[in-house]
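> Chain by chain, the residues run as shown.
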Amino acid sequence: MTLSEMTAGTAGHEAEHHDVIPIRKVAVWVFLASECMFFGAMISTFLLYRSTTGDGPGAEIFNLAFTSASSFVLLMSSLTMVLAHHAYERRDLRQARVWLTGTGLLGITFLSGQIFEFTEFVHGGLKLSTSPFGSAFYMLTGFHGAHVAIGVLMLLGMVILSLDGRIYARRGLNIELVGLYWHFVDIVWIVIFTVVYLLQV
Amino acid sequence: MTMTAERELLPRTGPNGIWSWITTVDHKRIGIMYAVTAFAALFIAGLEALLIRVQLIGPNQEFLSADAYNQLFTMHGLTMVFGVVMPIGAAFTNYLLPIMIGARDVAFPRLNAFSYWLFAFSIVLMMSSFVLGGAPDGGWFGYAPLSTELREVVRMDFFSVGAQLLGVASIAASINFIATIFTMRAPGMTMLRMPVFVWMALVVAFLLVFSLPIFGVGLFQLFFDRNLGAHFFSSGGDPLLWQHMFWLFGHPEVYVLILPAMGIVSEILPTFSRKPLFGYPFVVFSGIAIGFMGFGVWVHHMYTAGLGPLAEAGFGVSTLMIAVPTGVKIFNWIGTIWGGRVRFEVPMLFAIGFIAMFVIGGLSGVTHSVVPADTQQHDTYYVVGHFHYVLFGGAIFGFVAGAYYWFPKWTGRMLNRTLGLWHFWLMLIGFNLTFAPMHILGLNGMPRRTYTYPEGLGWGFWNAIASIGAFIIGLSFLIFLYNVVRSARRGAIAGPDPWDGRTLEWSIPSPPPPHNFDEIPHVTSLDDYWHQKYTTDEEGRAVRIAEREDPAPAAEHHDIHLPAPSFYPIVAAAGLVTMGYGFVYLPAGLVAAWIGALITISGLFGWSLEPIDGEAAT
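Quick note, the sequences are listed as chains R and C, same order.
Mapping of the first sequence onto this note's numbering: residues 1 to 201, in sequence order.
Mapping of the second sequence onto this note's numbering: residues 1001 to 1618, in sequence order.
Calculated from the structure, these hints are not laboratory results.
Warning: the hint list may mix true and false statements.
To be verified - Not everything, but these chain C residues come out facing chain R in the computed CB check (under 10 Å):
| id | residue |
| --- | --- |
| 1 | Ala1107 |
| 2 | Leu1111 |
| 3 | Phe1182 |
| 4 | Met1184 |
| 5 | Phe1210 |
| 6 | Pro1213 |
| 7 | Val1217 |
| 8 | Phe1224 |
| 9 | Leu1228 |
| 10 | His1231 |
| 11 | Phe1232 |
| 12 | Ser1235 |
| 13 | Gly1237 |
As the list claims (entries may be wrong) - Computed from the model, here is a short list of chain R residues facing chain C with C-beta under 8 Å:
| id | residue |
| --- | --- |
| 14 | Ala33 |
| 15 | Ser34 |
| 16 | Phe38 |
| 17 | Met42 |
| 18 | Thr45 |
| 19 | Thr52 |
| 20 | Gly54 |
| 21 | Met139 |
Claimed, not checked - What follows is a set of in silico ranges between Cβ atoms, one per label pair, in the way DEER data are often shown:
| id | chain 1 | residue 1 | chain 2 | residue 2 | range |
| --- | --- | --- | --- | --- | --- |
| 22 | C | Phe1130 | R | Asp92 | 58 to 66 Å |
| 23 | C | Gly1296 | R | Ile190 | 24 to 32 Å |
| 24 | C | Ala1311 | R | Gln95 | 50 to 58 Å |
| 25 | C | Thr1023 | R | Leu32 | 25 to 33 Å |
| 26 | R | Ala146 | C | Leu1146 | 28 to 36 Å |
| 27 | C | Pro1239 | R | Cys36 | 23 to 31 Å |
| 28 | C | Gly1308 | R | Gln95 | 58 to 66 Å |
| 29 | C | Arg1448 | R | Gln200 | 37 to 45 Å |
| 30 | C | Leu1310 | R | Leu32 | 29 to 37 Å |
| 31 | C | Ile1601 | R | His123 | 29 to 37 Å |
| 32 | R | Glu176 | C | Leu1192 | 28 to 36 Å |
Source: prediction; values computed, not measured.
Note that beta-carbon positions come from the ideal geometry of N, C-alpha and C, so glycine has one too.
Next up, chain R with everything else stripped away, as it sits in the complex (with noise of 0.2 Å):
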């Protein structure tokens, strides 16, 4: 069965359900939603406790130039999850599987940087149990990162699954929710970064 086929099936399911507003998509805003209110109270943790570093180091750990070309390789994963979509949307299979593939390997780039960056801080002398500051920054960027692992787990999990040509847009891993969710993740960081990185300097 062919892609093109294969939504022609779908339209023709949702017509019969009456779904004017796509059921899913509500869905993935409303936990999006739910989502800016946990990191919400992350951050704020985070603010709070920026300069209660106690014995421990404070910010002039970072190292604000790697740091900054991380993220570039985050934002730049937005770039290709758009064109990843947008292949989808032609209906190029291929070229979609090969956007998702690069969106994947992008996270991944930008998750070793956060090991690398988090065994340097440790050596360091900066620890989850070294003072507030530190439990706040690995509580924070930690479940970001983890947010990004799992949407790079959901990416490949896609790519994977497009091989025998079953990714369609009825199946709940579509490309179109996974793109939402990942360039969340992505927005997120921007405000860490601004928040942990750049107002500390």
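Given chain R, work out where chain C should sit, using these hints.
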């Protein structure tokens, strides 16, 4: 003989057997499972309350140790909030919401099953703490630094992990309800034609979606403090942060608990007054206003924390203001009864009881918004009296009213009226005997959460009265339990519309068939079913439209797509709870956490690859 004959009068509701319930994705069955689980939790939490009341019946009692008392009052609060009132709201919403908006199921039936199983398993996790190292004993609010101390015992880990999992279940359910309301309404069912109950369910879902993540972060922080040596609330961190995190969730949560009951009462009063709800838009918009303002009053729980006069004055004003939309609703309800042809059936009695008790609780609540008064009342039994008037006198009265009202729809049989009257009067008297004296005790200085009190302070008499009242409440619920069990088997056959109802659920058989509606209804007005039955004459009186023929016996409908049963939701939920147990017993539990993670991932994987409504079969 007669039994079988009667049984045949009731429509079939799909296959039976335990496996069909475990794998069900039917919103009605999930609603019933929520109700049964919550009802069981109610009896456990009620037993805990009775033990507390036995301990406090007189001065210097030694029935319970201080340690046992701490566990019991903490678990009573946690169970009542997360295991009883929230899931009973979810039970009503699950069963009624899709039918009231003319849909065949919720937007995501398997996610719905997942929410239920995760809730049920998490409640089991929390209750199992009694035999697995001790129950949480730091209050349902888990204030730091008390909750971050004593890291070698797992009690407050059960709190942080259990509440976290319950939060996940509630967020999933809320997203489901919001998507259902926004996308699955029947043709013509505009937002302002939805029953008030559906509106309140929508507000509740939004409150949960926005407030639970904050609580989730707080619980993670508590968990990290206890298990990974973080400093969020202790040793350098600020314990006040926990109070903010908790009450930013905890106050919206109060409206999560009461709004479904307000919705239920707004359905019952018009039916038994034979009048439309007075000022429907006001009831709806005041509900929305309560939702918004609910996020702006949390500091009134923290007046004695020393936040300074500016914060206290500001939140005092916002707390006074939130009483306004609540008051609007009460006048709307009174206006609905006013001039109506009132039938005092059991649901109506409980609904009126709700209004009366909630007004008392609301008024004592307004006294908390005044900072100097609140400083005096803080942490005394006055507060206990107040919130039981809104949560028991409000939410539980409303839910019981709803149970008597919709039981015929759920089972096809009526609850016994005489037993219902006994239930109502005993519960009303017992409730007031228990909780009204607490106001006096509190103003006389009796502190909350203290396991005993000395003689000579003048607290003995009112405590004895309260304890007697508590046992009367217990008796009334035993009568209710007997009524439910008996009526479910032998009650009078209800028929589709026993109360002459106004909303769509009364237009379909009792109990409804699995697909709810043979034909999706086309809605033309608010209270659509009423307008199908009645028209008005020149003087504005309701006149019955000539009786239509009985709806044709449900034909076989092969063309209706229903979601296929699935066991992946229960697998995913079981995996998450296994992870939960692992996290409670860190570091040894790490193995269990990994096993649980694997179960969860395989459950989710199977879930996302499973064909939806049998499309692979075709």
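> Now look at each hint and say whether the structure bears it out.
Verification of the supplied hints:
{"no.": "1", "hint": "Ala1107", "verdict": "holds, 5 Å"}
{"no.": "2", "hint": "Leu1111", "verdict": "holds, 8 Å"}
{"no.": "3", "hint": "Phe1182", "verdict": "holds, 5 Å"}
{"no.": "4", "hint": "Met1184", "verdict": "holds, 7 Å"}
{"no.": "5", "hint": "Phe1210", "verdict": "holds, 5 Å"}
{"no.": "6", "hint": "Pro1213", "verdict": "holds, 4 Å"}
{"no.": "7", "hint": "Val1217", "verdict": "holds, 4 Å"}
{"no.": "8", "hint": "Phe1224", "verdict": "holds, 7 Å"}
{"no.": "9", "hint": "Leu1228", "verdict": "holds, 6 Å"}
{"no.": "10", "hint": "His1231", "verdict": "holds, 4 Å"}
{"no.": "11", "hint": "Phe1232", "verdict": "holds, 5 Å"}
{"no.": "12", "hint": "Ser1235", "verdict": "holds, 9 Å"}
{"no.": "13", "hint": "Gly1237", "verdict": "holds, 5 Å"}
{"no.": "14", "hint": "Ala33", "verdict": "holds, 6 Å"}
{"no.": "15", "hint": "Ser34", "verdict": "holds, 5 Å"}
{"no.": "16", "hint": "Phe38", "verdict": "holds, 4 Å"}
{"no.": "17", "hint": "Met42", "verdict": "holds, 5 Å"}
{"no.": "18", "hint": "Thr45", "verdict": "holds, 7 Å"}
{"no.": "19", "hint": "Thr52", "verdict": "holds, 6 Å"}
{"no.": "20", "hint": "Gly54", "verdict": "holds, 5 Å"}
{"no.": "21", "hint": "Met139", "verdict": "holds, 7 Å"}
{"no.": "22", "hint": "C/Phe1130 / R/Asp92: 58 to 66 Å", "verdict": "holds, 59 Å"}
{"no.": "23", "hint": "C/Gly1296 / R/Ile190: 24 to 32 Å", "verdict": "holds, 28 Å"}
{"no.": "24", "hint": "C/Ala1311 / R/Gln95: 50 to 58 Å", "verdict": "holds, 56 Å"}
{"no.": "25", "hint": "C/Thr1023 / R/Leu32: 25 to 33 Å", "verdict": "holds, 30 Å"}
{"no.": "26", "hint": "R/Ala146 / C/Leu1146: 28 to 36 Å", "verdict": "holds, 29 Å"}
{"no.": "27", "hint": "C/Pro1239 / R/Cys36: 23 to 31 Å", "verdict": "holds, 26 Å"}
{"no.": "28", "hint": "C/Gly1308 / R/Gln95: 58 to 66 Å", "verdict": "holds, 59 Å"}
{"no.": "29", "hint": "C/Arg1448 / R/Gln200: 37 to 45 Å", "verdict": "holds, 43 Å"}
{"no.": "30", "hint": "C/Leu1310 / R/Leu32: 29 to 37 Å", "verdict": "holds, 34 Å"}
{"no.": "31", "hint": "C/Ile1601 / R/His123: 29 to 37 Å", "verdict": "holds, 32 Å"}
{"no.": "32", "hint": "R/Glu176 / C/Leu1192: 28 to 36 Å", "verdict": "holds, 31 Å"}
Of the numbered hints listed earlier, not one is contradicted by the structure.
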